[in-house]
Structures are given as C-alpha cells and as structure tokens.
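Going down the list, the sequences are from chains A and B.
Its first residue numbered 1, the first sequence is counted upward by one per residue in my numbering.
Its first residue numbered 1001, the second sequence is counted upward by one per residue in my numbering.
If you are wondering where the hints come from, they were derived from the structure by calculation, not from laboratory data.
All values derive from a computational prediction rather than experimental measurement.
All residues carry an ideal CB built from backbone N, CA and C; glycine is no exception.
Hints may be right or wrong, so weigh each one.
[Stated by the list, open to error] Quick list of simulated restraints, FRET-style, between CB atoms: (1) B:Q1269 - A:I18: 23 to 33 Å; (2) A:T256 - B:P1239: 46 to 56 Å; (3) B:E1274 - A:T256: 53 to 63 Å; (4) B:I1075 - A:R116: 45 to 55 Å; (5) B:F1287 - A:Y249: 50 to 60 Å.
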Amino acid sequence: MNFKTFAAFVGPSVIMMILFIAFPLASVLKQSFYNTKPIYETVEVESCSPGFPDQICVTEKKSVPKLDDEGNIIETTEFVGLQSYSNVLELERAWNAVKTDGLIALQSIDFWKALRFTLTFTLITLPLVLAGGLGIALMINNATSAIKGPVIFLSLLPFIITPVIGALSINWLFRGDGILTAFIEWYLGRDVSLFAQAWTIELLMMLYRVWHVAPFAGIVFYAGLQTVNTDALESAVIDGASRWQRLKYVVIPHLTPLIVFVSMIHLMDSYRVFEEVVGFSSQGYVISLQWLTYDFLVPDQAGNRSVSRASASAMITMIGIAILLVPLLRRTWNDHKGGH
Amino acid sequence: MSSRALRQPLVLRITSATFLAVWCLVAAFPIFWIMVMSFKSPVDAFSSNPLNVIFGPSTRAGGNGLSLLDIIFGIIVIWATVRIATKKLPGMVEAYSPAGQKWVGWVIGGLALVLGFLVTFFAILPAILDVLNPMLGPLGRDIIGLTTEHYKTVWVERGFSNNFKNSMIVTTGVVVVSLTFGTLAGYGLARSGSRLAFAILITALIFRALPHSVLVAGYLPVFISSSEWLAPILGENAPTLYGKPFAVIAVLVAINQPFTIWMLRSFFQNIPAELDEAARVDGCSHFQAFRRVIMPVMWPGVITTGLFSFLLGYNDFLVTSLLLDAQNQTMVPAIAGMFSRETTTTDQVVAVAAAVSITAPLFFLVMLFQRQIVSGLTAGAVKG
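Taking the hints into account, I'd like the entire structure generated from these sequences.
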C-alpha cells in the first residue's frame, strides 16, 4: 500500500485524534502555566444608614471586578509559571504538616489525599481482580456446557453496567439501613454505619471495582483456557503432578500474556478511578486524582471554574500515567520487533 | 476430547459448582435488587427486612399489587412471547422478507412482536384481570406489592424522556462517526506494515491511557469561548460549542478512536490479505477492493466494535456532565444529579427507578449480543 492510499484511509482518524486529543493536551499544558482572572479595582464606597440625629456614614474601600462598557467582567490572562502547580501540590503546607504530625497529616491536603487513595485503590484491586478473574474462568471452564451460556450472561452484567449506576446500586444496598448493612448488623449484633468513616467507604469502592472488572478478566482468561495444551496437562498427570501443581506449572504460564494484558488494562483504568467517588458521593471522605481535576472544572458557587489549577492537577496526573505506560510500551515494542 | 486422566473427583466438581452459583448470585444480586426496589413504595424499598422489600406490605396496603392470578397470566404472556420470538419468528422472517434484504424482515418482525407484547401485557391483560380478580377470592388477592408510580414520576414529571432522547442522540452519533472513521483507519493500519503505521498505533495506545478529565480540561475553555474565535470564520452565527450534543459527540469519538482502531485493526488482520490482493489483480483500486471485497465480510468485527462504542457513549459521565448544559443533559449525569440533590426516601426510590431505566437497555444488549461482546473482549487480548 503506497503512502497516498494509506494517508487517505488513516488520515481522517489521525486528524480527529490530533484535533481532539493532541491539541487539548497541548492546550492543557499551556493553561497550567497561565492564570485567567477578573481584574479587580479598589473603589471607595460610602454607605450610610439612618441614625439620630444624623445619618451614620461609613467610607470603606472595596475591591470589585472591573466591568467593560457592556457590563461584562474584564479578565486578564497572565503567565504565572509554576504557581498553579504549587497551589495544587501545596508542598510547603504538606511539608510542615509532615514535620509536625507525621505522614498521616498529609490526609488533610486534597492532592495528597487523592494520590494516596488512587495508589492504594489501584494496587489493592489489581491482585483481587486477577485472582477473581482466574477463579471465575476456572469455574466456568469446569461447568457443563449447557449452563456456560447463561453463566457468561450473568457474569457480563456487572461488567457492562454503567459505572456510576453500578456504584450507586452497591451504594443503595449498604447506605443507611440498606439490606446488606442490616444483614451485617444482624450478624455482628451491633450497629454499623458504613458511610461514616473513610476506610469502610474505600473498602466498598474496591469491592465494587472488583465486582465490575473481575468478569472481564474472567472472560479473557476463559478464552485463554480453551487453548491450553491438553497433551501437556496429561503428561503432567502421568508425571504425578497434583492438581495445584498442574495449575501452577502448566495453566498459569500459558495464561501469562493474558495476565499481563489484563493487568495493564486494569492499571490504566483504575488509576483513572472516578465514577466510584460520584456513585458513593464520598467526596467528603475519599477523593481520587481524576475527581480532583473534575472538581476544579465544575463551576463553584460564583460560577468560576479554576481551569489553570485543573490543568496543573491534570498534568500531575499524567506523570503517573507515563510511569504506568513504560512497561506496556516496551512490551508492544518488543512484540512488534518480534513480529517482523 | 476429555480424557480419563483429567477427570475430576466429585468433591472438586461440587465445590466448583457451588462457587459458580455463589458468583452468579453476587454478579446478579445488586442489579436484581435495585429492580425490585424500584417497584415498591419508599417504606418497603428501604426496609431492612428483605422479605418486606420483596413482598412489599406497605405497597400492597396502598392498593398496588399483584395477585397469584396476575403473576400466572403475566408469566404465560412472557413465555408465549419468548416462544414466538425463538420458534415462529425466524420462519416467518425467512418466508416473507424480500430476498437479500432479510434484516428488513427482522426489523419489522421484531417491532411487531414488541408492539404486540406491549399491547397485550399493559392493556389487554390488566383489563381482563380487573374483571377476573374480584371473582376468584383468595386467588385474586394481592400477594406482592408492586407499583409503577416511580417510573411515571421519572419519565413523565422529571422529564427523563428528554434525557433519554439526548442520550440516544449522543450514542448514535458516537457509534456512527467512530465506526466510519475507525473502519477506514483500521483497514489501512492492518494492511500496512510501515513504520508510520506502527508509530500511529503506539501513539493511539498512549492516548488510550489518558484520563478523560485531562482532555476535558483542554476543551472547556475553548468550547466556552468558541463563539469568539469561530467568529472570523463563521461570522455572526458562530456557535458556542459548550452545551451542544454534536461537540460532545466529536469529543467522545476522539476519546474512543484509539480503542476503535486497535480493535478493528485486529479484526481486519484476521481477514486474509489475499482477498483484497486478488481483487487488486482483477483491476480494483484500493478503495474499490475495500468497498466490494472487504465490506461484505467485515460486519462481525464492525458490529462488535460498534457495541463497545455504544457502551462508551451511553455510560459516560465525566465528559457529558461537564460539557453539556442542563437542557441537553444525558441520562447518567441527570440521575447522578437526582441522587445527590434529593434527600427524601421517595426521591431516592425515584432515582432507583431511573437507574433501572438506564440499565434495562444494557440488559437486553447483553442478551442479544452476548457472543459479539465476548469475542470483542477476547479479540484484543488473545492476539496481544
């Protein structure tokens, strides 16, 4: 295929990606160094209130946004360098807090709180998803073929459900005296409130995420199990390998590429954890990095969006993505070189 | 195939089956439960006794319920519908649809069946049962509380149908546009082993990992001020892109594009290159070969990719909630707003009903396209 035809086929898609992915990325990078704000001016305002025998008048200086002829607020954009970054990171405050109260004190600062949660969430759910997925795959593989279809159908439901709605549905089961909270209370014989402290909420979020992603891992692994070499398994039996050894030395090595694939996808996706915070409305207790950016972008009560801070926080989030991506890219690169 | 050496002892088989049953329960329970909740009065829906939630005594006391007779008749109608759909319908489509246009037959047949079911189930059946129930004594007494008032509140009073319409506009747009761009690019990339093609794929992979909030942070200021910077090109009528469904469609298509081209590329690689080479030998250009030889055989891959594009557009919360204004809001942000704003239990149940309304189409989607979804999940994985 010559270059011209190739360009004709791929061009529209590439232009789309440049326009809507590469360009916004560049503009986010630029925004993070600039700050747009209204120009304020100081005016003297004399306010009088009725009094006896004379009016009581107070003159005070107020800063009000400057308006142009049509009554719109005039805004300026100025280069602020790394200021937005330091506003997000709050390094000085964080350092002081750590010095006086230890690492726990970082929890009081939004960014560090979000970073802590995002990382724990990612690292704890990963092994659970892999183990859960492998378990589901082995069980489906074991089942008689008549029930495989319906079982796969049921397994797909948690995966396909809208993330916010999935989180909400778990939320409703536990919130207040929800049915499962009532069950736990009955079992423990005491009152439990799962939404009153951060760690229980985090636990529920992880539970939700595993429920949501394990079916995906399960189905990918199940497809992999179909291609396990039966001869290798049989020779392992003849060599006296136990069931566990066969799983460990024959099946798992066969699935390794799939395990790597699922881990990569899961790392990328769970690093972007966001919907859980919305679904569990946990922003008072637990927030994630992507939620932080989102929150900066949502207009506050005065209708302002802190775009430059959002951009800074987005760029910081990207650093984590870059670190995650290195092994994935190396693997793809090696595959490509091996394939040609 | 299965050899004696690999046969499993009974205990292991039973354990495995038990765990499988537990998993199925875990997978389906939350969805099933919110569905049950959405049909009950608030007192029942948030009752801490599961039996109250299922049987709904206070819903029943409010005069809304199903008798044994209702349930039996309902099951018969549903069963008959399923029988017709699986046994009769394929034959009728085969017999009556014009040759080569079988999908027309399926669409018409499907619509007729759905319409027939709705009329029977919601109009004819209640009319008959209203007469029968009082005559049959204990059989006709309500045993399960059930009310559809929350659905009425959601769809009629809260204007959820408007959100539904917006969701449909956005998802249809996303699917159509991303497939058009994606099939061309996927085909080009699959048939070219050049360094450039590889570079594009790697870049797409990096783009796939980007958090969506990063991109939205890039769009927002540009979209809000778009009428200013578009004015030199489009003049007075330059639109503000913020709040417009078509802008959101473009954004979602772009976000989805990396995934789409990777997936379609792997499907196109499965179509033997000899096929289009033969067409080229016979004198076709690349585009003619694509149109006459590849297009007829590419539909399974395209349908699968389309399903995942649909899910992306339908499930999105972040992009739609930030880039659409209130009157163009799609379903998911609408219900998240409903949930966090309202505090009375009635409002909560209304939100539950809205959540079930969003989930129902996905349920049918899995039912119809289970095989395609599974093949889509494994397509990227098995080949790496």
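Hints and how they fare:
1. B:Q1269 - A:I18: 23 to 33 Å: holds, 25 Å
2. A:T256 - B:P1239: 46 to 56 Å: With a Cβ separation near 51 Å, A:T256 and B:P1239 satisfy 46 to 56 Å, so the hint holds.
3. B:E1274 - A:T256: 53 to 63 Å: violated, 33 Å
4. B:I1075 - A:R116: 45 to 55 Å: The hint (45 to 55 Å, Cβ to Cβ) holds, given that B:I1075 and A:R116 are roughly 52 Å apart.
5. B:F1287 - A:Y249: 50 to 60 Å: Check passed, 51 Å falls within 50 to 60 Å.
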